[in-house]
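Q: Just so we're aligned, residue 1 is where the sequence shown starts under full-length UniProt numbering, counting upward by one.
The hints are simulated quantities; they were obtained by calculation from the structure and are not laboratory data.
Glycine residues also receive a C-beta, built at the ideal position from the N, C-alpha and C atoms.
Keep in mind that a hint or two might mislead.
[Stated by the list, open to error] Estimated spans, in silico, between C-beta atoms of each pair: (1) Val-394 x Ala-354: 32 to 42 Å; (2) Val-383 x Lys-409: 14 to 24 Å; (3) Gly-472 x Lys-409: 32 to 42 Å; (4) Asn-123 x Pro-322: 48 to 58 Å; (5) Gly-494 x Lys-564: 52 to 62 Å; (6) Leu-543 x Ile-184: 49 to 59 Å; (7) Ile-531 x Tyr-444: 27 to 37 Å; (8) Arg-310 x Leu-186: 25 to 35 Å; (9) Gly-370 x Glu-655: 26 to 36 Å; (10) Glu-513 x Thr-432: 49 to 59 Å; (11) Gly-472 x Ile-445: 47 to 57 Å; (12) Leu-543 x Gln-680: 19 to 29 Å.
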Amino acid sequence: MMCFLYSLVKLDMPSSQAIHSADVFSRRGKFSHLPCKLNVKQSVETVQLWAKIKNTRTTTTTTFATPNENDEGERSGSHACSGEQVFVPLENNYSSNDLDEEAAGSLPESGSGVFQMAEHSVNLASLLDKLKALHLHVLASEQWNASRLKLCHNNYVESAKNLIHYLALKCLDIEPLKYDLALISLLNLEMVNSSVLASLTTCIELLENLQLNSSRTGKDVSAGISTQGKLYHQTNGNFTINTMRMKACLNRELLLGPLQGSRCTHIMTTVGEEALESETLIADLIKAGTSIIRINCAHGSPESWSEIIRRVKRSSQMLEAPCRILMDLAGPKLRTDNLKPGPCVVKVSAKKNATGKVIFPAQVWLSHKGAGAPPPHLSPDAVLFIDDENFFTVVKVGDTLRFFDARGKKRMLKISRVFHVFSGTGFMAECTRTAYVSSGTELYIKRKKDRLPVGQVVDVPPRESSIRLRVGDLLIISRDSTCGEDNSYGHASGAYRITCSSGYLFDAVKPGERIAFDDGKIWGVIKGTTISEIVVSITHAGLRGTKLGSQKSINIPDSNIRFKGVTSKDLVDLEFVKSHADMVGVSFIRDTRDIIVLRQELEERKLQNLGIVLKIETKSGFEKLPLLLLEAMKSSNPLGVMIARGDLAVECGWERLADIQEEILSFCSAAHIPVIWATQVLESLVKSRVPTRAEITDAASGRKASCVMLNKGRHIVEAISTLDNILNSNSRQMKAEVKSLVPSSHLV
């Protein structure tokens with residue numbers, strides 16, 4: 001019997017500990033007791049491993065036996081193992097220093113050593129031993145976590161096991177092994193996420209065949225090495241590469257729905273109450289490529305959500321294009337409270353050059369209130385609603401409308417075009433001078449002898465209030481909402497004021513900790529705290545200051561704040577989600593307790609088929625992601641993960657975001673869980689119609705995910721079309737261009 005020495009992996013260790021792993025080297029010894037289902041009385045072959053803990057190599061040993069073909073009786077007579085048992089070496093002629101020296105000496109040398117290996121080929125026997133030890137290490141990690149895996153739902157058992165296998169592999173310091181495998185072009189250990197065990201098994205079998213057929217060895221190397229094919233087939237079971245791929249595809253379709261046509265990635269679009277201003281917007285989104293509509297329960301009301309969903313279902317049915325609904329629970333997010341509303345006035349301003357000369361007049365949309373928003377292909381600078389329906393029978397293209405703006409200035413609007421929209425008629429007018437238009441503004445046409453009133457402007461929304469913060473400013477955050485009525489600078493304290501109604505903030509922060517606002521656009525340091533107030537000194541803002549408005553995010557990355565995972569508002573909203581949505585998004589997941597509470601609420605409402613999307617947007621959520629996935633796999637609900645990169649970047653640091661999102665993709669790939677790529681995708685294109693080059697490449701990176709999410713904006717329809725082209729483009733045209741360089745007889 002051949003037994004390998006290597007480290008075990010157990011997931012319920014403290015998060016501060018790294019999972020041990022190893023490089024493999026042979027050694028002989030005897031052990032009186034093994035933490036596995038085998039009693040070993042004869043000498044065994046062991047393997048010394050390199051363990052990687054926080055980027056530091058240390059040696060660690062554990063034992064697992066690989067039975068030969070004649071070991072059936074011994075295997076059946078073995079007893080169960082215990083995670084608390086510790087093996088004790090009886091005989092060992094080598095000191096720990098000797099083991100370290102031999103292990104270090106077995107590593108390929110840098111520089112010429114690598115080239116020497118390439119020239120004289122890789123030692124196949126040594127490489128095979130390493131892979132077999134790696135294979136056993138992966139199996140041991142599964143056994144070590146058997147009690148946790150038993151709790152997973154049948155739908156996720158294989159995926160959960162593969163996740164355990166991947167964690168065991170990921171924490172290994174296997175750089176030398178990677179080099180060896182690369183030299184013979186056999187296996188890339190960075191690409192085996194979705195089928196770890198099957199990939200290792202296939203590689204071992206290929207190496208055995210390669211070794212047996214090698215003409216460079218004159219001895220029989222098959223004994224004790226190639227006799228374990230039966231074991232590998234037994235342990236592989238349902239872990240074939242094809243089975244794992246089908247499992248990932250099935251999980252994606254259960255959550256997100258089947259992909260339409262030749263598309264490779266779903267597109268999710270966030271919509272709010274503004275979608276109700278246009279009868280055609282939802283249909284346009286679906287036509288452009290949207291297959292999932294997201295509604296954020298932090299904004300709007302059940303009435304507006306119901307109308308949005310009604311339009312989605314109607315448009316989906318008319319276009320024969322399936323479209324699912326995701327509703328995000330607000331969660332315990334910290335936000336600024338509403339500031340005092342600004343005046344009900346809209347600014348109309350023409351575009352000017354550097355000398356102040358008008359180069360393009362402002363475009364103003366005029367329509368009756370019931371006519372809704374302008375057509376999506378138009379991008380007016382302002383929208384004005386007129387109360388008098390006769391306005392649209394009196395006015396015609398070419399007319400000049402005159403009015404006095406909110407400052408008493410004489411201004412004019414020249415009608416340039418007419419449009420027949422869904423429920424009425426609308427005009428596009430041009431304005432060459434800056435005007436401030438408020439509700440009640442009278443519009444008239446000047447005749448030869450008098451003025452002809454044609455309508456009155458109504459329902460101008462209040463301007464969004466904000467405060468402009470600069471580096472060095474003081475900001476007071478108050479519990480008392482009455483303090484937020486006055487947002488101006490000039491209090492007795494000489495500081496700006498905002499309010500936050502969440503008590504979590506005031507109970508958790510300490511002086512000296514950092515605080516961020518509006519997804520990290522503004523940063524500050526807490527200077528002092530009381531029961532009802534927090535004083536912040538602004539340390540980072542734009543050169544001309546940065547505006548902070550209502551309902552903007554607040555992050556405190558240095559604080560150990562403890563939120564309630566599912567809030568009372570979330571439970572109320574969950575009742576609505578129950579009967580209207582296909583998926584529910586769970587915000588600010590921090591640990592497994594949040595998922596346990598959610599699962600209990602779903603079970604109470606008998607929502608076993610409702611999709612669950614875990615939004616990873618906190619440092620704790622990222623660090624505990626494998627545990628969160630395993631906990632969520634205990635239920636039958638379709639499962640997915642959203643990379644919420646806004647809060648995640650603030651919590652973990654901007655410079656780490658790229659690595660973090662790759663880590664999340666890798667974990668979810670191993671667990672066969674679909675990923676939603678979110679936050680600021682093509683944001684410049686959505687808002688200003690011109691994307692940045694970095695945004696294009698970022699959107700293309702979204703192909704790694706199962707779904708890419710866009711946020712709402714003025715040019716959202718155009719952005720969806722662009723994203724659809726990016727995600728589903730291929731290289732067929734390029735292949736056709738280079739076809740002429742290859743002889744036709746060689747083309748298949």
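Q: Each of the hints needs a verdict: does it hold here or not?
A: The hints, checked one at a time:
Taking 32 to 42 Å as the suggested C-beta distance range, the pair Val-394 and Ala-354 conforms, at roughly 40 Å. As the Cβ distance of Val-383 to Lys-409 is approximately 21 Å, the hint placing it in 14 to 24 Å holds. For Gly-472 and Lys-409, the hinted distance range of 32 to 42 Å is satisfied, since their beta carbons lie about 37 Å from each other. Here the CB-CB span from Asn-123 to Pro-322 is close to 55 Å, well matched to the stated 48 to 58 Å.
Look at Gly-494 against Lys-564: about 36 Å separates their beta carbons, and that is not inside 52 to 62 Å. Taking 49 to 59 Å as the suggested C-beta distance range, the pair Leu-543 and Ile-184 conforms, at roughly 56 Å. Hint check: Ile-531 to Tyr-444, Cβ distance near 58 Å, so the stated range 27 to 37 Å is violated. Between Arg-310 and Leu-186 the beta carbon distance is about 56 Å. The supplied range of 25 to 35 Å is therefore violated.
For the pair Gly-370 and Glu-655, the supplied restraint of 26 to 36 Å is violated, since their beta-carbon distance comes to about 51 Å. With their beta carbons about 52 Å apart, Glu-513 and Thr-432 fall inside the hinted range of 49 to 59 Å. For Gly-472 and Ile-445, the Cβ-Cβ distance of about 53 Å falls inside the hinted range of 47 to 57 Å, so the restraint holds. Distance hint check: the CB atoms of Leu-543 and Gln-680 are about 21 Å apart, consistent with the given range 19 to 29 Å.
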